[in-house]
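Those protein sequence lines, which keep their order, are chains X and D.
0 is the number of the first residue of the first sequence in numbering that gives the first Met the number 0; add one for each residue after it.
0 is the number of the first residue of the second sequence in numbering that gives the first Met the number 0; add one for each residue after it.
Among the hints, a few may not be true.
Copies of the same chain look alike in the list, so a pair counts if it fits in one copy or across any two.
Below, computed lysine-lysine pairings styled on DSBU-like, alpha-carbon distance capped at 35 Å [as the list claims (entries may be wrong)]: (1) Lys160 with Lys81; (2) Lys163 with Lys213; (3) Lys290 with Lys46; (4) Lys160 with Lys46; (5) Lys46 with Lys242; (6) Lys48 with Lys242; (7) Lys160 with Lys213; (8) Lys202 with Lys174; (9) Lys249 with Lys185; (10) Lys53 with Lys279; (11) Lys174 with Lys256; (12) Lys156 with Lys235.
None of these hints come from the bench; they were simulated from the model.
This one's a predicted model, so the numbers in the text were calculated from it and none came from an experiment.
There are 2 protein chains.
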Amino acid sequence: MKLTVLGCYSATPRALTNTTSQVLEINNHMFLIDCGEGTQVQLRRHKIKFSRIKHIFISHLHGDHFFGLVGLISTFRLLTRKTDLHIYGPKGIKEVVTLQMKLADSWTNYQLIFHELTSNESEMIFEDDLVEVHTIPLEHRVYTNGFLFKEKAGDRKLDIKAVKEANINVAYYRKLKQGGDVVNEKGELIKNELVTISPDNPKSYAFCSDTVYKEDIVTIIKNTTVLYHESTFLEKHAHLASKTKHSTAKQAAMIAKHGNVETLLLGHYSTRYDGLDGFKNEAEEIFGNVKLCEDGKVFSF
Amino acid sequence: MKLTVLGCYSATPRALTNTTSQVLEINNHMFLIDCGEGTQVQLRRHKIKFSRIKHIFISHLHGDHFFGLVGLISTFRLLTRKTDLHIYGPKGIKEVVTLQMKLADSWTNYQLIFHELTSNESEMIFEDDLVEVHTIPLEHRVYTNGFLFKEKAGDRKLDIKAVKEANINVAYYRKLKQGGDVVNEKGELIKNELVTISPDNPKSYAFCSDTVYKEDIVTIIKNTTVLYHESTFLEKHAHLASKTKHSTAKQAAMIAKHGNVETLLLGHYSTRYDGLDGFKNEAEEIFGNVKLCEDGKVFSF
């Protein structure tokens with residue numbers, strides 16, 4: 000699982016800081032999460048192949064999370080994209096994108112498929128053999144969802160040496176990978192666990208931005224490998240956090256602790272602070288494994 | 000008159016090239032012309048004070064000319080702007096901006112005044128004591144206007160030495176500046192031209208993008224100080240220019256020549272070419288004074 004942070008600051012893009020956008024590579028998928036103004040340039044800067052992006056998830060319709068979307072869609076068209084593009088986001092996202100295409104008289108020559116979200120309950124919005132994506136209902140000034148990306152457990156791996164020693168016919172390998180016991184060439188029953196190895200633990204990534212401190216998301220993000228939780232403010236500005244429906248670094252860490260996640264990633268920083276150490280220090284008082292997002296940073300988990 | 004080129008490439012923003020946006024300073028006004036994605040970042044990069052921009056002119060509703068507008072409007076709000084903002088552009092521009100503000104539930108706390116354009120004839124869309132702005136109807140794939148910015152002739156300047164020698168009371172200075180003859184302390188009639196100097200020639204700037212070669216704009220841009228004319232292609236791709244309703248560098252130069260302008264500025268380059276020399280060379284075969292726009296370049300005229 001690999002995460003490329005294209006932008007991790009709040010409010011407005013500036014000369015040296017970008018607004019929210021991330022690329023998550025998980026089980027061969029490449030998901031784009033949020034799309035602030037300038038995301039397409041950040042994608043180019045970090046040499047991410049546009050054609051690999053087939054699903055875009057938009058948390059909410061504030062500019063710093065989606066003003067780059069229509070430009071990216073338009074650029075896909077100019078690059079003569081043919082592949083379907085799925086867009087998941089709040090109701091209204093289809094109207095605003097199609098209005099801009101109508102005014103520009105420039106329709107896509109690829110399928111643009113909108114999945115508009117309206118529920119306040121967590122729901123599964125994408126599933127295939129490799130991953131599932133669920134919404135994480137958040138609480139912000141407008142309708143907002145976080146997203147939980149979960150690898151599915153893969154097949155068991157063959158212990159090739161053991162399989163050969165047990166005289167198992169190759170025709171049974173698939174059954175072994177799926178966890179079944181098999182009969183060998185001599186007619187003996189071979190227990191699966193004697194000749195296979197557990198697959199890697201499935202990984203998961205929870206993206207939670209923007210939101211106030213909302214303890215009931217803990218049940219959804221419980222035990223995730225990595226939790227990204229917004230930390231717009233430090234505790235000394237907790238009054239601003241609650242007023243603007245954002246979180247502090249301490250609050251992000253409390254969600255991580257209650258959720259028993261492996262790693263907490265912080266981001267969506269207000270640019271009012273000098274440097275990011277304050278965020279890390281504050282969160283580490285509550286939770287042990289804190290990492291800071293920075294524009295352009297790549298994490299492998 | 001000072002022009003800052005924020006972006007001068009066509010189609011899509013890239014890591015090193017920006018789409019169309021320019022800031023024109025003329026007679027104390029600061030006009031923003033077009034607003035491709037990332038314009039607000041370019042404004043910051045070039046240290047242009049956001050608060051000085053009170054009028055934004057949008058030629059047409061293709062993304063590379065206006066996808067940065069809603070982000071800029073939104074950032075003005077976050078900066079707690081109070082001053083009115085006037086936006087001139089094709090019909091539809093108000094709908095798309097207001098829809099995005101509605102979806103984000105974030106209304107401006109300053110007056111946002113739209114002047115939607117629909118005419119196919121040149122019309123004066125702004126006037127005060129210092130400047131006039133007229134549309135230049137262009138021909139592109141969607142409804143498009145260029146803009147002609149014209150200084151008004153200023154007051155005559157006093158030749159202070161001559162004024163004093165002629166014994167003219169200070170109470171008459173304003174009349175002198177306005178071109179009138181006056182009577183001096185001795186009761187003698189003093190001819191205006193003996194004690195005043197002509198003001199600087201009023202300057203003008205014509206912005207023409209995007210458009211096919213359209214000879215009838217020559218009557219509108221005749222004798223302008225500076226003509227910016229798009230040159231997306233070189234002549235070897237003239238077939239693409241006519242197909243996509245753009246111009247070549249040669250065609251831009253022909254408009255400059257027929258219009259008897261002082262300086263031709265080229266821009267809106269396709270990124271298919273290696274470097275910009277080809278554009279300049281091609282135009283100079285037709286017209287003597289050609290300059291190339293480049294992102295970040297500042298011209299004083």
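Hints and how they fare:
{"no.": "1", "hint": "Lys160 with Lys81", "in the structure": "neither (45 Å within a copy, 75 Å between copies)"}
{"no.": "2", "hint": "Lys163 with Lys213", "in the structure": "neither (53 Å within a copy, 78 Å between copies)"}
{"no.": "3", "hint": "Lys290 with Lys46", "in the structure": "both (23 Å within a copy, 33 Å between copies)"}
{"no.": "4", "hint": "Lys160 with Lys46", "in the structure": "neither (40 Å within a copy, 67 Å between copies)"}
{"no.": "5", "hint": "Lys46 with Lys242", "in the structure": "between (38 Å within a copy, 31 Å between copies)"}
{"no.": "6", "hint": "Lys48 with Lys242", "in the structure": "between (39 Å within a copy, 29 Å between copies)"}
{"no.": "7", "hint": "Lys160 with Lys213", "in the structure": "neither (50 Å within a copy, 76 Å between copies)"}
{"no.": "8", "hint": "Lys202 with Lys174", "in the structure": "within (24 Å within a copy, 82 Å between copies)"}
{"no.": "9", "hint": "Lys249 with Lys185", "in the structure": "neither (62 Å within a copy, 84 Å between copies)"}
{"no.": "10", "hint": "Lys53 with Lys279", "in the structure": "within (33 Å within a copy, 41 Å between copies)"}
{"no.": "11", "hint": "Lys174 with Lys256", "in the structure": "neither (40 Å within a copy, 79 Å between copies)"}
{"no.": "12", "hint": "Lys156 with Lys235", "in the structure": "neither (51 Å within a copy, 59 Å between copies)"}
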